[in-house]
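From first to last, the protein sequence lines are chains A and B.
Those letters in the first sequence? Residues 1 to 463, by the working numbering.
Those letters in the second sequence? Residues 1001 to 1362, by the working numbering.
The reader is advised that the hints may include incorrect statements.
Unchecked claim - Each computed DMTMM-like pair below joins lysine to aspartate or glutamate, with the alpha-carbon atoms no more than 25 angstroms apart: (1) K1104/B x E360/A; (2) K268/A x E357/A; (3) K1076/B x E357/A; (4) K268/A x D1056/B; (5) K1076/B x D356/A; (6) K1076/B x D1028/B; (7) K227/A x E185/A; (8) K227/A x D213/A; (9) K1177/B x D1258/B; (10) K1177/B x D1125/B; (11) K1104/B x D213/A; (12) K1076/B x D1125/B; (13) K1076/B x D213/A; (14) K268/A x D1015/B.
Calculated directly from the structure, the hints in this document are not laboratory data.
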Amino acid sequence: MVAPTVKRRRPLTPYLLIAPALLFLAAFFGYPMVQGLILAVYDDEAVLPLLSDPGIEADSVGTLPQGTGLTVLDQRANLIEDEITSDLLTEDWFRVSALDNNDQTVEGWAPETRIRIREEAEDGTPLAGTVRTKLAAGADPQTTLFAEASESADVAAKLDARTRVRIEEIATLELWFLVTPQADETEVDQSLEGWAPSRFIQVFGEGENGRIDRGTDGEFTWRFVEKMTEDRFFGPAWRTTLLLMVLILPIQFVLATLMALIIHARLKATSIFLYIYSIPMGMSDLAVGILFFSLFTGNGFINSFLEGIGVLDGPKSFLSADTRNWIIAAIVLAELWRATSIVMVIIVSGLQAIPDETLEAAELFGASYWQRVRHIMLPLLRPSIQVALILRTILAFQVFAVVIALGGGEVVTVLANETYRQYFTLRNTNVASAYAVFILLLSIASAFFYLRAVRTQDELSKT
Amino acid sequence: MAEIRIEGVSKLFGDNYAVRDANLTIRDQEFLVLLGPSGCGKTTLLRAVAGLGMADAGQILIDGRDVTYLPPGERKISMVFQSYAIFPHMTVRDNIGFGLRMNKTPKAEITRRVDEAAELLHIEDLLERRPSDMSGGQRQRVAVARALAMQAQVLLMDEPLSNLDALLRLEMRAELKRLLSEVQATTIYVTHDQIEALSMGDRIAVMRDGVIQQCDQPSTVYSEPANQFVGSFIGNPPMNFIDGTVHGSGGDLVAEFDGNRLAPTAETSQALERLSGAAVRLGIRAENMQTLSEPADGAIEVTVSVVEPLGSQNLLTIDLGGNRLKVSTHPTFSVSPGDRVWLRLPENHVRWIDPETELVVA
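Same shape as in the complex, but just chain A (with noise of 0.2 angstroms):
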């Protein structure tokens, strides 16, 4: 065996010029789906640990989802081991110093409750004050002193009323609530009793109920598709998406096919007709549905039209809310207009491909016109229109601004409008994500239907 002496090198050019391709998709097109798809079926606020103790490092005892109604058994200052946000119930405690009945100097924690501020400084820092007097009757009427700022510290030391202190210190606590769900929460564990902080809990009234405001594990949850499909909108947004689509494809698909055909007869002047029919394919779907309201409209074309011919004694509305089928006319009107140019381009394409020496073989064997679109040309334009139902399909699923722009999205409403209402309008990120994913999953089941309905790579990939 002779080993050759230079070693066999792949290529690495086209490597290199398809890496910035692959990191732009990751970034910009898989990253966002993924956080889509996640929005849709992951809530990060869903339910809040109970801990064992007032502490961000104690153990949890168990989870509450959002939204439970809480009783508040016991409240607690805590110091803040994190960062300080607005949503905090914060109580602040001094460290002071006095001398006590036996005129020993003492130094321990106060809440600042406790202490009522004489003297400040500049910036308003107190500097000292005296403690208060306590009002409860058969309280102690010492004030105590914490080692540390936290009252399950140890007693540093006790001070009378009005003792006058010095205030060396000021912390700033953190309020953690020991809370059990309310008796009516029947769906989660009663017995459940544990410390939250109060950033993710809501008390309400005097301090004895409230809610978890939110919670800080995520969890999946089918939430989010339930509110979608329960949504009054969604049963006549998809039944319009798809109504849409039964009325608008086989009109579609038919007259692309007789337009490519015109243009593939290469009549005199028939590449005119080429860019006739591409003029819609220049404007925005937004442009068309304009162009059609107007063309609707109470002294629009069809009004002045219909009048001028003598069918019609005063201008009819069409599009109004009691006139739902004339808006849906009008869509798919506006939708033909605006979509089959591009079908039909794919379509000549594909027929471009089509060898002359086929056709002409099927012409001279006695195959009249219609025999030879139908027996040859249908069958080899496979592939075309496999890929032009694809992007069709897709895109009628994503049906939007022609909708929007003739009947509002209110009366007629689609997928895609219900997209941009939960979103826009509604602020709910994640049921306009559910939204989107059901219009990526019909897409997706769309594309495979017709991949495997209309197969051709097996027949066609050689000829």
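Assemble the complex: chain A is given as a structure, and chain B must be docked to it using the hints.
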């Protein structure tokens, strides 16, 4: 009975004549080859007969019926295309039976004739396959079978072998010849390959620039070309041409070239007489010259510049007064470049060409 008559057919592409005033009569069951270099109009003429590119002038009759402007499907013809034009989405069986189905032939009849055609081409076991996974040779057979299944009286073939490799072409050539003698159709066969033309055709029509130059039996076209073009196009190596002049008249008429003299045969000297005193061009085929290693009476002394041993012959290249001659010799004739040899031009093999018109005068 299907005699094809092409009368005064012309076809224009823009302002250019692709075919100009073509006149041909192809007898029933005859095998006519249209031969010519690419762009000579042979395919255009065939397509006019097929109805795929209607003639601009003239008339085409098949079996006495004027088909000039009939659509192809109504001409009762069949055709094999250069690219085979097999329908890629149909099985071989459907391909072969396509024409019959279009003509609403009964199903049993279609099956019978498809099987028959497939058998003729030895593709019975390919019938249920699709063309996409077949070789070029197999597709070619399908194309021929499809044409034969029609059992049309007229069969048109547009360079059917040109897409095959050399060995397959050789094999298919013989097979096609056998088939066509069996099916008894009047055949027009277009090719640019003179070997195909010579070996297959009953007659060959040589075309150039849209004009039919000569139409005759292969042997006649080969040995008695009507003009310089036919002589130079047919034959490998092509006919040699030597420029000279003619002098004298009657029995004294003699051609002179490069200091050598050659007297034509008695019949030809009459025809040459009108050129007397003017230029003439001698045409002679490589294998018709005698090469001698010794001087002999009437032999011209020349120097060999190239020797090409081709197995069955040795091909010599010889310069003769500015004319480059190809001379074939027996492979045993031993000669090296630079050697002197003596050439004898047998006058009965010499064709005399008028250099003005390039027509063979005798």
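Original post:
Does the alpha-carbon distance linking K1076/B and D1028/B stay inside the 25 angstroms limit?
Top reply: Holds - the C-alpha atoms of D1028/B and K1076/B are around 14 angstroms apart, at most 25 angstroms.
Subject >> Restraint check for K1076/B with E357/A, where alpha carbons must lie at most 25 angstroms apart >> reply: holds (18 angstroms)
Original post:
Between K268/A and E357/A, is the straight-line Cα distance small enough, at 25 angstroms or below?
Top reply: holds (21 angstroms)
Subject >> Agreement of K1104/B and D213/A with the hint, judged by alpha carbon distance not exceeding 25 angstroms >> reply: violated (79 angstroms)
Original post:
K227/A and D213/A: Cα distance at most 25 angstroms?
Top reply: Holds - the C-alpha atoms of D213/A and K227/A are around 20 angstroms apart, at most 25 angstroms.
Subject >> Distance restraint between K1177/B and D1258/B, which requires alpha-carbon spacing of 25 angstroms or less >> reply: With Cα atoms ~45 angstroms apart, K1177/B and D1258/B exceed 25 angstroms; violated.
**OP:** Compare the distance between the alpha carbons of K268/A and D1015/B with 25 angstroms, and conclude whether the hinted pair is satisfied.
**Re:** With a Cα-Cα distance of about 18 angstroms, the restraint between K268/A and D1015/B holds, given a limit of 25 angstroms.
Original post:
Between K1076/B and D356/A, is the straight-line Cα distance small enough, at 25 angstroms or below?
Top reply: holds (21 angstroms)
Original post:
Regarding the pair K1177/B and D1125/B, is the alpha-carbon distance no greater than 25 angstroms?
Top reply: Holds, because 23 angstroms separates the two Cα atoms, which is no more than 25 angstroms.
Original post:
Can the restraint linking K1076/B and D213/A be considered satisfied, given a maximum Cα separation of 25 angstroms?
Top reply: violated (87 angstroms)
**OP:** Quickly compare the C-alpha distance for K1104/B and E360/A to 25 angstroms and report which way the hint goes.
**Re:** holds (19 angstroms)
Original post:
Quick one, are K268/A and D1056/B close enough, alpha carbons at most 25 angstroms?
Top reply: holds (18 angstroms)
In this structure, the hints that do not hold are numbers 9, 11, 12 and 13, in rising order.
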